[in-house]
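A.B. asks: Sequence:
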Amino acid sequence: MNTEKHFDVLIVVTPADCERLLPLYPRLVANFDYGNLCFIGSAGVGDLVKSSAIADRAGWVDENDIVPFDDVHACMTRRLEPILQGKALPRGVTGWYYQQFLKMQYSAICKDEYYMVWDGDTIPCRKINMFSTESGQPYLDLKHEHHPEYFETMGKLLPGFGKVIERSFISEHMLFKCDIMRGLIADIEKNDSIPGVKFWEKIINAIEPEKIYDSAFSEFETYGTYVALKHPSVYRLREWHSFRLGGSFYEIDTITDGDFSWLGVDFDAISFEKGQTVLEENKGYFDNPEVQAKISARKLLQAAQMEYKDGYKEVWEDDAAAAAANVRAGSYGTGRGAEDKTLIVVATHNEPDLVKRNLDSIQDTLKPESYKVVAVDKDAGFVAACNQAVKASVGTEFEGADVFLLSSDTCLVYDSLYFLRQALYAEDDIGAVGCLSNCAANKQQMDVVFDTVDEYIKFGEKVNVPTANPCLERVRLSSFAMLIRRNVWDEIGGLDEDFAPGYYADDALSLEILKKGYRLEIVRNSFIYCEGSQGGADADFDDALEEQHQLFLQKYGFDISQYAYASGTVISQIPYGPNDRFAVLHFGCGLGSELKAIRSLFPYSDLYGVETNGKLFDIVRKTEKVFAGIDELLEFIDVQFFNVLIVENDTLAEMDQEERNILGALMMPNPVVIVGNDRLENFPYEKIKLIIWGMDNTFWQGVRNEGEVILPMSNADLVKNAADHGVVSSVFARDDEAAVFEELEGARVADMFVFNTISPDASVAMVADKIRMMGLEPSDVLFVDADPETLIAVKELMEDAMTADTDIIPYLANFFAKTKATDIEHSKLAYYNELQEK
Numbered sequence: 001m002n003t004e005k006h007f008d009v010l011i012v013v014t015p016a017d018c019e020r021l022l023p024l025y026p027r028l029v030a031n032f033d034y035g036n037l038c039f040i041g042s043a044g045v046g047d048l049v050k051s052s053a054i055a056d057r058a059g060w061v062d063e064n065d066i067v068p069f070d071d072v073h074a075c076m077t078r079r080l081e082p083i084l085q086g087k088a089l090p091r092g093v094t095g096w097y098y099q100q101f102l103k104m105q106y107s108a109i110c111k112d113e114y115y116m117v118w119d120g121d122t123i124p125c126r127k128i129n130m131f132s133t134e135s136g137q138p139y140l141d142l143k144h145e146h147h148p149e150y151f152e153t154m155g156k157l158l159p160g161f162g163k164v165i166e167r168s169f170i171s172e173h174m175l176f177k178c179d180i181m182r183g184l185i186a187d188i189e190k191n192d193s194i195p196g197v198k199f200w201e202k203i204i205n206a207i208e209p210e211k212i213y214d215s216a217f218s219e220f221e222t223y224g225t226y227v228a229l230k231h232p233s234v235y236r237l238r239e240w241h242s243f244r245l246g247g248s249f250y251e252i253d254t255i256t257d258g259d260f261s262w263l264g265v266d267f268d269a270i271s272f273e274k275g276q277t278v279l280e281e282n283k284g285y286f287d288n289p290e291v292q293a294k295i296s297a298r299k300l301l302q303a304a305q306m307e308y309k310d311g312y313k314e315v316w317e318d319d320a321a322a323a324a325a326n327v328r329a330g331s332y333g334t335g336r337g338a339e340d341k342t343l344i345v346v347a348t349h350n351e352p353d354l355v356k357r358n359l360d361s362i363q364d365t366l367k368p369e370s371y372k373v374v375a376v377d378k379d380a381g382f383v384a385a386c387n388q389a390v391k392a393s394v395g396t397e398f399e400g401a402d403v404f405l406l407s408s409d410t411c412l413v414y415d416s417l418y419f420l421r422q423a424l425y426a427e428d429d430i431g432a433v434g435c436l437s438n439c440a441a442n443k444q445q446m447d448v449v450f451d452t453v454d455e456y457i458k459f460g461e462k463v464n465v466p467t468a469n470p471c472l473e474r475v476r477l478s479s480f481a482m483l484i485r486r487n488v489w490d491e492i493g494g495l496d497e498d499f500a501p502g503y504y505a506d507d508a509l510s511l512e513i514l515k516k517g518y519r520l521e522i523v524r525n526s527f528i529y530c531e532g533s534q535g536g537a538d539a540d541f542d543d544a545l546e547e548q549h550q551l552f553l554q555k556y557g558f559d560i561s562q563y564a565y566a567s568g569t570v571i572s573q574i575p576y577g578p579n580d581r582f583a584v585l586h587f588g589c590g591l592g593s594e595l596k597a598i599r600s601l602f603p604y605s606d607l608y609g610v611e612t613n614g615k616l617f618d619i620v621r622k623t624e625k626v627f628a629g630i631d632e633l634l635e636f637i638d639v640q641f642f643n644v645l646i647v648e649n650d651t652l653a654e655m656d657q658e659e660r661n662i663l664g665a666l667m668m669p670n671p672v673v674i675v676g677n678d679r680l681e682n683f684p685y686e687k688i689k690l691i692i693w694g695m696d697n698t699f700w701q702g703v704r705n706e707g708e709v710i711l712p713m714s715n716a717d718l719v720k721n722a723a724d725h726g727v728v729s730s731v732f733a734r735d736d737e738a739a740v741f742e743e744l745e746g747a748r749v750a751d752m753f754v755f756n757t758i759s760p761d762a763s764v765a766m767v768a769d770k771i772r773m774m775g776l777e778p779s780d781v782l783f784v785d786a787d788p789e790t791l792i793a794v795k796e797l798m799e800d801a802m803t804a805d806t807d808i809i810p811y812l813a814n815f816f817a818k819t820k821a822t823d824i825e826h827s828k829l830a831y832y833n834e835l836q837e838k
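Following the numbering used here, the numbering of the sequence shown begins with 1 at its first residue and continues without gaps.
Among the hints, erroneous ones may be present.
What the hints assert, rightly or not - In silico DSSO-like pairs for lysine-lysine, Cα to Cα no more than 27 Å straight-line:
1) K341 - K230
2) K143 - K230
3) K391 - K555
These aren't lab readings, by the way, just hints derived from the structure by calculation.
The whole structure should be built from the sequences, with the hints applied where relevant.
C.D. replies: Structural data, given as structure tokens:
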């Protein structure tokens, strides 16, 4: 190793991250022989370093002495003013760019020929060698990653510059040559076409405001490309491997010297990114000496990565199958339509005022050169007219333009199309996207009501802003406002003209997109106002709709309405956080609506399905890891693997014991089994005015007069939430009244129950009398009890009453959680309290 060169390693870090990694920094000192550690940060970082065990090999420089943070923050605020509109800019947005500017500007004060920057959450697994023993050239280390926005910004800062090699210069560290970095900064500052004096001002001003949030600059990619094009002989390229997901398998406080030795055979470094935690199922995996003795770290990670659908993957140069890993696209990424142009196909229906408002909104919110509008009449062969409108663009500048199906009773809101396009190109396998609206089918409607169009538009402007995780994956989109990639439209041949009036045409379009392996997403930060026109509906509407429904059933062999939506109740029972890693098996997954929703909410989950219906399987297998039966599943997975099993109660009832045993053998210890219930999914919850609760083994766990019971606080909360919605509760218990109320008082819900039926000889007939006293009908009542004989007795006496066992409890909770509370003051509860006192 060439240690004649002297230079320091620069660590730009926050106090919190510095304190978190401080126990492992002695390992960085021991493996870096070229110089000392130089921490860049606030005074808090300096205090930590000075009092640490590495103080004799580490120094500190105040970040504001290099580049004042407040100056950068002020520049960033000015650049984002069109988006912020007077709101304060979070420091974290500036901070991501600021730490890069610090690394670049350090070249102005560095006294050595080189300085090395090193990510503060990364620890070396072996000695750091930064020079070739053959040529003496410094190394530029490479990994596999791609983010197009970096190169868009680079091309503005340094005209003519772009990506020059397949791999990435982003490798958690970089050795900068001071004179080259100074030259890079000087060349950026010479670019008079971009406002600003300092290089960091020009970088900020080179990025479009709406793309600032997309992490649109990389000092590593910019420096590496600059070297490749202007100083190609200075550096030597080298492949670098770091264990990026280290924090998911190792604890900072417990990783051992033996672990580092084993990792060091295959990895140069290991990272402990903020927010990573070791899941229970990962313990004893990479840190198990017996496992380490049998398999290398590389092979073990490659095996683990085979199950990763998304997220970062470590890639080796000889791993051809993973060559496309870590390619990320943000706003207008790879594969976009012709110069980001949009062909807007507006469906009209003899409503000139609506059409004018629609066209005005398009003109007011979009750049003239970015779109073309084609109006088609709903009554004149709508589906064929849409197809013809798209075909007519061939040979024009809109030949490759994406297709935006738009109803004429809508009004675009500022940035609604922008965020649709941003979502459409976030990943290469997204085929179409849809928005939210105040009036829309397919569960794309927001529960908002205003008096004027202007109020809706202003509301939409507040929705259409950069948002974390704005997309939810679906199996169906509504065509009232649907943006489709042009290559996808061409691949499937447009709309199916058999659905000539347009009914079910968007359902068929959605399924054809899925069948080609593309995904569909709802974009929750894209709002488009909809007037809610009833154009097209007449006396024959129902007949035409049913005719098209039958055609859909004939073509596809199933009713899409049964598979279109994920069960919120099922997903709400998943006991993991959004950053947790866990494996799910959905037996009977249909079109994959639950799997797609789980992925949207839990991006690190590992999702599998089984679907025995061949017509459904042929579609869902194109976008999900799904098997046609248990036997096929066992060929792929035959060990304990899954943390969560989702299965419908009817499917579970039809399974024989052998199938149940097989599924049980595939589950990890203490699995979560979620049983879906189609009847309860479609229960008429909105009709409930009174819930009568059995107590034993229902509202609480156990039988009270046989011993201690446990009253789940979730059930107590459910009663309160029901009252918030104007639904009151009552007790039915064959028990001592004082003892029952003692339990309820312990949960602070005793006053939430009215017209109770509690006594050792309580009967359903007594309940019926109470219902009449309340002025309610049996059809207004839901009776919940774990005892099937009680439910049978209720039905015999009150045929119209609703009944359910305890399976309904999570469904009730989900219903009240997703619907608007209309009686926060508990006026209905007060009314019935007053009534029973009379």
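A.B. asks: Next, verify each hint and record whether it holds.
C.D. replies: Checked hints:
Of the pairs offered as hints, the one joining K341 and K230 is violated, with about 35 Å between alpha carbons and a cut-off of 27 Å exceeded. Among the hinted pairs, K143 with K230 is consistent with the structure: their alpha-carbon atoms are about 21 Å apart, no more than 27 Å. Annotation: proposed proximity of K391 to K555 holds, straight-line Cα distance about 25 Å (limit 27 Å).
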